[in-house]
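Engineer: Residues per chain are reported as follows:
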Amino acid sequence: MKAWIALLAVAALFGVVYVGVGLAGQQFLFGVVIPYVAIVVLLVGLVYRVLQWAGAPVPFRIPTVCGQQKSLPFIKHSRFDSPASGLQAAGRMALEVLLFRSLFRNTRVGLTPTQRVIHQSDKLLWAGALAFHWCLLLILLRHLRYFLEPVPALVLFLEQLDGFFQLTAPTFLLSSALIGAALLFLLGRRLLDPQVRFISLPADYFPLFLLLGIVGSGIFMRYVTKTDLLAVKQLSVGLVTLRPIVPESVGLPFYFHLFLVSCLFAYFPFSKLMHLGGVFLSPTRNLANNNRMRRHVNPWNPEVEVHTYQQWEDEFRDKLKAAGIALDGE
Amino acid sequence: MDKSPQELLQIELNPRKGDWLDPSLDFEARRGSWSYPGSIKALNYMGFPNPRAWSPTDDDWKLPDNWRQIIHDGLKERLSKYRSLRVFLDCCVRCGACADKCHFFIGSGDPKNMPVLRAELLRSVYRNDFTTAGRILGKVAGARKLTPDVLKEWYYYFFQCTECRRCSVFCPYGIDTAEITMLVRELLNLVGLNINWVVEPVANCHRTGNHLGIQPHTFKDNVEFLCEELEETTGIKVNPSINRKGAEILFIIPSADYFADPGIYTFMGYLLLFEHIGLDYTLSAYASEGGNFGLFTSHETIKRLNYKIYAEARRVGAKWILGGECGHMWRVLHQYMDTMNGPADFLQVPVSPITGTRFDNAASTKMVHICEFTSDLIHHNKLKLDPSRNDKWIPTFHDSCNPSRAMGLIEEPRYVLRNVCNTFHEMPENTIKEQTFCCGGGAGLGNDENMEMRMRGGLPRANAVKHVHEKHGVNLLTCVCAIDRATLPPLMEYWVPEVKVSGVHELVGNALVMQGENERTTDLRGEPLVEPRAEPEVEHDA
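Top to bottom, those sequences are chains G and W. All the letters of the first sequence, read from the start, carry residue numbers 1 to 330 under the numbering used here. All the letters of the second sequence, read from the start, carry residue numbers 1001 to 1542 under the numbering used here.
Rather than coming from a laboratory, the hints here were simulated on the basis of the structure. Treat the hints with care, since some could be wrong.
The calculated lysine-lysine pairs, modelled on BS3-like cross-linking and capped at a C-alpha distance of 30 Å, are [as the list claims (entries may be wrong)]:
1. G/Lys272 to W/Lys1139
2. G/Lys2 to W/Lys1145
3. W/Lys1145 to W/Lys1017
4. W/Lys1152 to G/Lys272
5. W/Lys1500 to W/Lys1471
6. W/Lys1139 to G/Lys76
7. W/Lys1139 to G/Lys2
Chain G regions said to be covered by chain W (calculated; three or more residues, Cβ under 8 Å) [stated by the list, open to error]:
8. 131 to 144
9. 210 to 216
Simulated DEER-style distance windows between Cβ atoms [said to hold, decoys possible]:
10. W/Asp1022 to G/Leu156: 38 to 48 Å
11. G/Leu124 to W/Leu1529: 20 to 30 Å
12. W/Asp1019 to G/His143: 47 to 57 Å
13. W/Glu1429 to G/Leu137: 42 to 52 Å
14. W/Thr1057 to G/Thr114: 53 to 63 Å
15. G/Lys319 to W/Asp1345: 51 to 61 Å
16. G/Ala326 to W/Glu1429: 46 to 56 Å
17. W/Asp1022 to G/Leu23: 36 to 46 Å
18. G/Leu95 to W/Asp1060: 49 to 59 Å
19. G/Ala322 to W/Asp1345: 33 to 43 Å
Note that beta-carbon positions come from the ideal geometry of N, C-alpha and C, so glycine has one too.
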């Protein structure tokens, strides 16, 4: 049911383009106005959300420690799992952000017929997530070719790398296939794994369907309809140079693609996709485990009512005396 | 416990149909998995809101009229004070990595014990009250209004989390359910929802200095009694001072160590060790608790209870503080004390008077864990040890949640154990160190009325113990936590009855060869050093 809601929402987005561009001929609206609005929403939203997080203080230093602390010289310190300095914490973050280290630990619990609890290594989620995110980055960088003239050498190099398997014409790009497969895997486990299915919301399916729509329309343009790339580039260069034009020869598939991307951008700041920013600000990961070495200051450290020694002594004076425990003045 | 292990093991880890957004709960049917509410007396003593007599099985929980507003405002305030809370509420992607990492989920199969759903119980209300999408889309966006049933669900599930932080290890964003549980418990406390196993120790600790409510004269009696026992076993007379000004070191321990079996043997181990090295230290009847049940109440309560430790160190004029074996105590000492009640600029950077080692890792907080202290002594050959005195034990080590995941105290206790015992076996790697499993009774849940949930939550731990028991003959589960020493014995009794529980320093005490000691025939428990063997059958010549 929850997946259907999300699927219908994405289907509706396709419908909007079909009506708006295919029937009503609103190329300018879909090719220029909506992308501009989307990009503004994305940027303003991102900044707003990050400032909102950054604006809240970090009262306590609460790293989740995943390895041996730095204590005695003869005990081997685990630098990236229990960072003792800011630099080491940065190393931990880099491993987290670039390689998804925590997901790499993933295990799956099972109960055997003999009623034993077993923990099996389960790296599939890690592999799928890593494949998706790196492909997405590669594809975003590859798309710079549509916005920059001349095309930067880095972009050309990445394309060459991506097209290593020269299987088809136009060249088969590994990232297109891989991201599609990764998305289908992520969707598949959401639908088929009973635990993940139970926790999933429409908001978890929606970005997957949306991204599948984007990847699908992109692949369709590249390998099936042979879209007029020169016209596409005219349009996108027009957008970034703030001199928008709408070339006649750009077909409907491109507008599907562009509109879904616009939706993704505008949706981004209001959704769980903000984990992109959140991961950097998580106090359990980005702080060093040096609590006893260096004092962490809480900017709002409150005054609290305490029970002082004197109050305690006053209450138990007779008993202290009888027990022969020295009083404070003695 | 009425249910047998076989009954308890009927666990289905794959949730069936149903929608977690439905909050209805039958407390009556779930007896054994929740704790009794806080007493009026304890709440009054602490000045906590809404003291009254009530039960979770009542329809009417006698909340203040404006309870919804109180919770809403409380949440709003905490969103602006804790970056952790907002980030954790915003960036979960429900990837499911945490789902089967919680001991309560593994032991019960209740899907709302998946850490992700425990957090969603709060997140759904956050969406409804504080996000645009939640306001507009409602249920489709996973948003829920805060109804009495949702509040009751919070009470049930946030007092069914032991704040062990295992899920946080596996989360790609480090979302820490302990942090969420701590803050929701704060919100619940605002309207008078809490459990007695937490608030009574809190009130006791505030008044007498320790969770158990032991008054100073009884404190002294207990210590003296344990010293007599120690003398009987070893022939060594130790005479620890209490509240003594001018001591070099203030020694802080969890109160269970001078109150209950088997913690008392760990206490004897500490005292014997200090006698062995001639340490200048004092105990305190005022700061007679290292643990801090404020951690299971609110940040403010942590600070109120923790205040005594620095205050007492200052009063007696100690140079630095040494802390005993306790898990959540060390979360507070390591991650909160200095921030809350520091700076401890009246103390000195801890230096071991025996080895001269400067504990730079405690340079600011000025408090050293006894396992750090003892491993340093052993490393410098300052202890005369006879590990064979522990030969009847085949130990394994249970990493307590907080020393491992809040502190990284992983190798120190192992280093000590390997030097005071001749054998040592690790449990499987997914169940120790940073991946260790909770005893099932932390965070105030170690009470009798919650016994079924404790046995369920302790299943993954017990199962790993059973594994090494069968494989290596392990018969002793060692730990550095007072709550463990209280909760693991019944857990072992239920799942692996052949295995006993001890602290690390109990084994240190056994192994210490003291000057002028009796010939040692019993261990600190007063039990024979070697298991008496059955009489060998003598073959008679015909």
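Engineer: None of the hints should be skipped; say for each whether it holds.
Structural biologist: Results for each hint:
1. A C-alpha spacing of about 16 Å is found between G/Lys272 and W/Lys1139, which places the hinted pair at or below 30 Å, so the restraint holds.
2. Taking the CA atoms of G/Lys2 and W/Lys1145, the gap is about 19 Å. The hint holds against a cut of 30 Å.
3. Among the hinted pairs, W/Lys1145 with W/Lys1017 is consistent with the structure: their alpha-carbon atoms are about 22 Å apart, no more than 30 Å.
4. Proposed proximity of W/Lys1152 and G/Lys272 is supported: the alpha carbons are some 27 Å apart, at most 30 Å.
5. For the given pair, W/Lys1500 sits about 16 Å from W/Lys1471 by alpha-carbon distance, which is consistent with the 30 Å threshold.
6. With a C-alpha separation of about 50 Å, the suggested pairing of W/Lys1139 with G/Lys76 is violated against the 30 Å cut-off.
7. A threshold of 30 Å between alpha carbons decides the hint, and for W/Lys1139 with G/Lys2 the separation of about 10 Å falls inside it, so the pair holds.
8. Only residues whose beta carbon comes within less than 8 Å of a beta carbon in chain W count, and the region 131 to 144 of chain G has 0; fewer than three means the coverage is violated.
9. Beta-carbon proximity to chain W at under 8 Å applies to 0 residues in the region 210 to 216 of chain G; the threshold of 3 is not reached and the given coverage is violated.
10. For the hinted restraint 38 to 48 Å between W/Asp1022 and G/Leu156, the CB-CB distance of approximately 55 Å leaves it violated.
11. One distance hint, 20 to 30 Å for the beta-carbon pair G/Leu124 and W/Leu1529, is violated here, with the actual separation near 51 Å.
12. In this structure the supplied range 47 to 57 Å is violated for W/Asp1019 paired with G/His143, their Cβ-Cβ distance being about 39 Å.
13. Roughly 33 Å separates the CB atoms of W/Glu1429 and G/Leu137, a value that falls outside the hinted 42 to 52 Å.
14. Between W/Thr1057 and G/Thr114, the C-beta spacing of about 37 Å breaks the proposed range 53 to 63 Å.
15. In this structure the hint that G/Lys319 and W/Asp1345 lie 51 to 61 Å apart at CB is violated, the actual value being about 33 Å.
16. Checked against the hint of 46 to 56 Å, the pair G/Ala326 and W/Glu1429 passes, with Cβ atoms roughly 50 Å apart.
17. For the hinted restraint 36 to 46 Å between W/Asp1022 and G/Leu23, the CB-CB distance of approximately 43 Å keeps it satisfied.
18. Against the hinted window of 49 to 59 Å, the Cβ-Cβ separation of G/Leu95 and W/Asp1060 comes to about 52 Å, which satisfies the hint.
19. Range check, G/Ala322 to W/Asp1345: Cβ separation about 36 Å, and the 33 to 43 Å hint holds.
Checked against the numbered hints given earlier, the structure breaks hints 6, 8, 9, 10, 11, 12, 13, 14, 15 and satisfies all the rest.
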